[in-house]
Amino acid sequence: MRATFSHKGRRKKEQAVLAYVARRIVYVIPIVISVALVCFLLVHITPGDPLVAVLPADASQELAQQLRAAYGFDRPLPVQFGLWLWRAVNGDLGHSIATGRPVLSEVLRAVGNTVTLAIAAALIGFTLGLLFGLIAGYFRDGWVDKLATSFAIAGVSVPHYWLGMVLVIIFSVELNWLPAVGAGPGGSGAWGWDWEHLRYLILPAITTSVIPMGIVTRTVRALTGDILSQDFVEALRAKGLRETDVFRHVVKNAAPTALAVMGLQLGYMLGGSILIETVFSWPGSGLLLNSAIFQRDLPLLQGTILVLALFFVFLNLMVDIAQAAIDPRIKRG
Amino acid sequence: MSELPIGAIADTALQVAPVTKARGYWATVGRRLSRDKVSMACALILMAIFIAALIAPWLGLADPYQGSMIRRLRHIGTPNYPLGTDELGRDMLSRLIYGGRLSLIIGILPVILAFCVGSSLGLVAGYIGGKINTAIMRTVDVFYAFPSVLLAIAISGALGAGIVNSIVSLTIVFVPQITRVAESVTTGVRNMDFVEAARASGANAFTIMRVHMLGNVLGPIFVYATGLISVSMILAAGLSFLGLGTKPPEPEWGLMLNTLRTAIYVNPWVAALPGAMIFAVSICFNLLSDGMRSAMDIRN
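Going down the list, the sequences are from chains B and H.
For the first sequence, position 219 (counting from the first letter as 1) is numbered 219 according to the working numbering, and the numbering increases by one without interruption.
The working numbering runs 1000 ahead of the 1-based position in the second sequence.
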């Protein structure tokens, strides 16, 4: 197949991929603006005064007015949005009402810890998911398949915050092997790649990995099954290929879709970490979001959600581009 | 007289024919589903949890709100308290069964609401197409730019804690997902011959959507929505677990898990019980959805 492509044909295809990438990037712009709008509006669907967190209960009307003007809450909504967006583009997401520190630096520091957790969880979840999915798809309806499918369905159905609690009960309370909360000895200090810190990562990472494990298993199992039932596999076997070589073809064909699913799952792990971070007091973006919600720290809430959503949009873009680069046959709309 | 046997054969043929013909698509799906042991077991478990929650006041259980400081955190298997007591000395068995009421409502209602809104939007977008499709589907895309957990927590965090707010935020999370499924199914059905025939014979858009398309698109959307209930149960209880849903002293599984977290060093396994209920309901809905999907896939 590949040998038949002329040099010219390949260049044409590269151009098509590039054009797709360009279109996809342009398409992201309205999405980013809409996401910013949603984040901005979140604060304005909030009942009550956004200043309630900083204003003393007996504050005078003047003080309230001054503060409102200082935070810009006294201007019309579209103006506020324009100003907020302009500042956000320039890297200024305002200051946290509760701590007074810049929102962006707070969020980025926390996101670092969440990325550590998500990558550790992805390593566990994707490895197991790919393994289980391939085996289950290959030996469909056998006992291995049934076992892997059960694991997968349990993984996608388990309330992960509860699983976290159960793991803490087993490994921290009953066995006393691993720490129950935090991200390092002596409070939540700087992260380091040594055993003292890694001990804290094990339980949250396993807990985070079960959902991606389940979803990757189910996807890869279905993909493998579909590919194995296609004619070209029959042809490969008829040609006399060894089963290991047939397997290699299956993996190659399953890769683009599996990659897309894994990219999306990585995004979910980064953005949806609040429950697990709350269970383990893991000092990431989820825990930050939690405290922003309960201290009614609206600039921090807005900023955290915006950064996490943009991360997710960016990751989706990367996945689409990677998919187009790997498999130019992918239907591009 | 010699005609009689032939007549009899014709009669039996006539009697048999309608029976085999009468079993339509849905009857076949139902029959296939009822033969699936896993799906039936899940349906039974769900039924038991539903009915127990429904008739809880008549089951002779202890008062789920009545606590006692002298019998706090009893272990599983204590006489009179088969599943122990919680951090305020309330009977766990009673709270778990009563807890099904709120937990199931806040978990299932968002999916039902989103099913109604999402399938209408998707049907309209898919059938009418053009600018309306673009408007609806591009709005849906914006919501897809948020991971669903983040979106649910952002909305209910902004709205504030409460049962209604948690239902609203979860509905907002699921509407785009159901709309997308409904739109793609509708687009697939729209160009089929029977819809073309209805249009040619002068049926208006509303009639075509209601009579000819609804029945064909609702099945796949329904299966998808059943699977969503599993996610919704986990998220709804998760919101309560964070303190964004139900408020104490209401018995609700997510909230119970939250308040019992402080007790994991004293009585760990009692603390884990509410989560096991969420898990059971969630996995049953997931397996049921899988069972329905394969039952509806008649080609297999």
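These are calculated hints, taken from the structure and not from any lab test.
Glycine residues also receive a C-beta, built at the ideal position from the N, C-alpha and C atoms.
Just so you know, not all the hints are guaranteed correct.
As the list claims (entries may be wrong) - Partial list, computed: chain H residues near chain B (C-beta under 8 Å): (1) PHE1050; (2) PRO1079; (3) TYR1081; (4) PRO1082; (5) LEU1083; (6) VAL1149; (7) ILE1153; (8) GLY1157; (9) LEU1159; (10) ILE1163; (11) LEU1242; (12) LEU1257; (13) ILE1278; (14) ILE1283; (15) LEU1287; (16) MET1296.
Checked hints:
1. For H:PHE1050, the shortest C-beta to C-beta distance to chain B is roughly 18 Å, which exceeds 8 Å, and the interface hint is violated.
2. For H:PRO1079, the interface hint is violated, since its Cβ never comes within 8 Å of a Cβ in chain B; the closest pair sits about 24 Å apart.
3. A distance limit of 8 Å between C-beta atoms decides the matter here; for H:TYR1081 the minimum to chain B is near 20 Å, and the interface restraint is violated.
4. Interface restraint check: H:PRO1082 against chain B, minimum CB-CB distance 20 Å, threshold 8 Å, status violated.
5. The criterion of a C-beta within 8 Å of any C-beta in chain B is not met by H:LEU1083, whose closest approach is roughly 16 Å, and the hint is violated.
6. For H:VAL1149, the interface hint holds, the least distance from its beta-carbon to any beta-carbon of chain B being 3 Å, beneath 8 Å.
7. Because the smallest distance between the Cβ of H:ILE1153 and any Cβ of chain B comes to about 6 Å, under 8 Å, the interface hint for this residue holds.
8. Nearest Cβ of chain B to the Cβ of H:GLY1157: about 4 Å, under the 8 Å cut. The hint holds.
9. Proximity of H:LEU1159 to chain B holds as hinted, the smallest CB-CB distance being about 6 Å (cut-off 8 Å).
10. Because the beta carbon of H:ILE1163 sits about 15 Å from the nearest beta carbon in chain B, more than 8 Å, this interface hint is broken.
11. Taking 8 Å as the C-beta cut-off, the interface hint given for H:LEU1242 holds, the closest approach to chain B being about 6 Å.
12. The beta carbon of H:LEU1257 is positioned within 8 Å of a beta carbon in chain B (closest approach about 6 Å), and the interface hint is therefore held.
13. A distance limit of 8 Å between C-beta atoms decides the matter here; for H:ILE1278 the minimum to chain B is near 5 Å, and the interface restraint holds.
14. The beta carbon of H:ILE1283 comes within 4 Å of a beta carbon in chain B, closer than 8 Å, and the hint placing it at the interface holds.
15. The restraint placing H:LEU1287 at the interface with chain B holds, with a minimum CB-CB distance near 6 Å, inside the 8 Å limit.
16. A distance limit of 8 Å between C-beta atoms decides the matter here; for H:MET1296 the minimum to chain B is near 16 Å, and the interface restraint is violated.
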